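Student: Build the full structure now, drawing on both the sequences and the hints.
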Amino acid sequence: MRAPTEEEDRIAAAAARRRQWRDAALTHAVLLLGVLAVVFPIWIALVGSTHDASTIGRGDVPLLPGDEAVGNYVAALTGTGAGRFRASPAALMLWNSALMALLIACGKIAISLLSAYAIAFFSFPGRMLAFWAIFLTLMLPVEVRIIPTYQVIVDLDLFDSMTGLTVPLMASATATLLFRQFFLTVPDEVVEAAKIDGAGPLRFLRDILLPLSVTNIAALFVILFIYGWNQYLWPLLVVSDRSLETVVVGLTRMIGTGDAQNEWNVIMATAVLALLPPVAVVVAMQRWFVRGLTETEK
Amino acid sequence: MQRKVIFRGTALPLLLLAPQLAVTAVFFLWPAGVAVYQSVLQQDPWGLRTEFVGLRNFAEVLADPDWRTAAGNTAVFSTAVAGLAMGIALMLAVQADKAIRGARVYRTLLIWPYAVAPAVAAVLWLFLFHPSIGLIGRALNANGFPWDPRLNGNQAMLLVIGAAAWKEVSYNFIFFLAGLQAIPRSVLEAAAIDGARPVRRFWTVVFPLLSPTTFFLLVVNLVYAFFDTFGIIHALTSGGPGNATTTLIYKVYVEGVQNTNLGSSAAQSVILMLLVVTLTMIQFRFIERRVHY
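For the record, the sequence lines run as chains U and B. Residues 3 to 300 (our numbering) are what the first sequence spells out, left to right. Residues 1012 to 1304 (our numbering) are what the second sequence spells out, left to right.
Be a bit skeptical, because a hint or two may be false.
[What the hints assert, rightly or not] When the alpha-carbon atoms are kept at most 20 Å apart in a straight line, the in silico SDA-like pairs for lysine to any residue are as follows:
1) K197(U) / I1017(B)
2) K1109(B) / Q22(U)
3) K1109(B) / A31(U)
4) K197(U) / G1020(B)
5) K1109(B) / V292(U)
6) K1109(B) / D25(U)
7) K1109(B) / A27(U)
[What the hints assert, rightly or not] Listed next, with one range per pair, are the computed distances between beta-carbon atoms:
8) V192(U) / Q1192(B): 25 to 33 Å
9) A18(U) / D1205(B): 14 to 22 Å
10) L101(U) / P1209(B): 49 to 57 Å
11) V285(U) / T1289(B): 34 to 42 Å
12) L212(U) / R1161(B): 47 to 55 Å
I should point out that these hints are in silico values taken from the structure, not numbers from a laboratory. Just so you know, these numbers come straight off a predicted model, no measurement behind them. Where is the CB? At the ideal position from N, CA and C, for every residue including glycine.
Tutor: In structure tokens:
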């Protein structure tokens, strides 16, 4: 076998470079196409929210933003448009959504942390029963028990209240399982040392376990905030009072039957406002978000 | 599993568990029990008398042509959503896993639609595909392709599938990317040295190693398509035209909330519960296996 000549080496290297370049170009092309498909509906919503209603009503949605943004967003936030399917002012609906999402996220984290602590660090009769009862909630999403849960809300006089909107969604098997999993990895020595130093169970929880759980809490918060913000069926069922309307439900009410004569510019402004907070949370806390997502689902 | 070093006491742990157990009992277990109970009862139209009818509600539901249509719609819808969302996500994840410039930017741009609510996704898609004002809907009509999802059931189905899959791609992307990054580089290099071409390398080495992720995502995507897409269907088509996009969940909602047919609605709920229980069991059995190998 003869060694390749310099000339052959050069040709081979050039071919490899070309192939590499072509592969990279293909990779970028696929990814750009994916990003385009993902971003396009939102871009058009943004564009739609910056034109006047008649431009959209004629069916001439341009590809670039117009100059009506301020008026449209003010109309959306204050609810002063003249549409037939007028919802509450978006400012109020955003406030309701934020409050609901925060209460659900914090409530879920708090009660799951406490129950995981009880299950992981104590031995008491009924421990496994409690564990399985919590685990069962995983198999009972709102969607499969709509009517009886609604009846409970009515019986407890929680219809049209923030309590009725949030408390029933606070039980969380996934958060409990995640905290329990994490608590089981805390070394026995740490518990021993705390006990020898005279720390009681509540002191241990507050001064040692809670600081150790901060990362998990942050990761869970991102996931649960989005979960809360994006609730749809539940608010639709238990709230009819417009002053408690959330932005996701209010937005779809503005659509009505989807008529071309709707004030689509204001609707799109409301849509952008409705998706901005959870998207901002994901982008700002991307590291926690990916972690929270991949860990809660394990 | 149980820790060795634990605290003593019964009252304190029960107190700590109380909030979670109270919510679980009042809003989960009790309503689920009521659903099961109501599913074997029948009320007369005036709500005066209730009698035990055994499994008759179930038999009626299963024989109801509308319910069967909804079951068929659900099968088509969830298969299409899971297939599309997973296929596209896998393709994108494989590309994003390569060492290229801007990989992080691509990742961020592909991840965030996870945060968009299903109902909001529906509004965005309606705005794009509206037959008279939507950018794409109008373009279709202008180019000799009659498009109106409000009249054409198949087009309505395509629209809800598109919106539902669009929203779910980012979730699958995150998991596929995590799965790809967990594959040891040495395995890939060994395959490359053996002379396997990239496409062959993917199907014989990478894809089998991804199978736990794929299977997990399949279950999650089916659950998503069954239950979490209520908002998309409600906002986009209201189950119509006709019953073309009525899925099982949408039907339970319509029967229970609008028609207030309790026995039938409860029987449908119980059937769906069995479905979730089965899917959750499959998921957990599978995860246990993965943990133990």
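Student: Should the hint that A18(U) and D1205(B) are 14 to 22 Å apart at their CB atoms be regarded as holding?
Tutor: Because 18 Å falls inside the window, the suggested range holds.
Student: K1109(B) and A27(U) were given as a pair; does the straight-line alpha-carbon distance stay at or below 20 Å?
Tutor: holds, 12 Å
Student: Are the Cα atoms of K197(U) and G1020(B) separated by 20 Å or less?
Tutor: Given that 20 Å is the threshold and the Cα spacing comes to 14 Å, the pair holds.
Student: Keeping to a limit of 20 Å between CA atoms, is the pair of K1109(B) and A31(U) held or broken?
Tutor: Given pair K1109(B), A31(U) holds - Cα atoms ~13 Å apart, limit 20 Å.
Student: Tell me if the beta carbons of V192(U) and Q1192(B) are separated by a distance inside 25 to 33 Å.
Tutor: holds, 31 Å
Student: Is it true that L212(U) and R1161(B) lie within 47 to 55 Å of each other by Cβ?
Tutor: Given range 47 to 55 Å: holds, Cβ gap about 53 Å.
Student: Please work out if K1109(B) and Q22(U) have their alpha carbons no farther apart than 20 Å.
Tutor: holds, 12 Å
Student: Look at the Cβ atoms of V285(U) and T1289(B) and judge whether their distance stays inside 34 to 42 Å.
Tutor: The hint (34 to 42 Å, Cβ to Cβ) holds, given that V285(U) and T1289(B) are roughly 36 Å apart.
Student: Take a quick look at whether K1109(B) and D25(U) sit within 20 Å of each other, Cα to Cα.
Tutor: Since the Cα atoms of K1109(B) and D25(U) sit roughly 10 Å apart, the hinted pair holds (cutoff 20 Å).
Student: Below or equal to 20 Å on CA atoms is what counts here, so check K197(U) against I1017(B).
Tutor: holds, 10 Å
Student: For the pair we were handed, K1109(B) and V292(U), check the Cα-Cα distance against 20 Å.
Tutor: holds, 19 Å
Student: In this structure, is the beta-carbon distance linking L101(U) and P1209(B) contained in 49 to 57 Å?
Tutor: holds, 51 Å
In terms of the numbered hints stated before, the structure departs from none.
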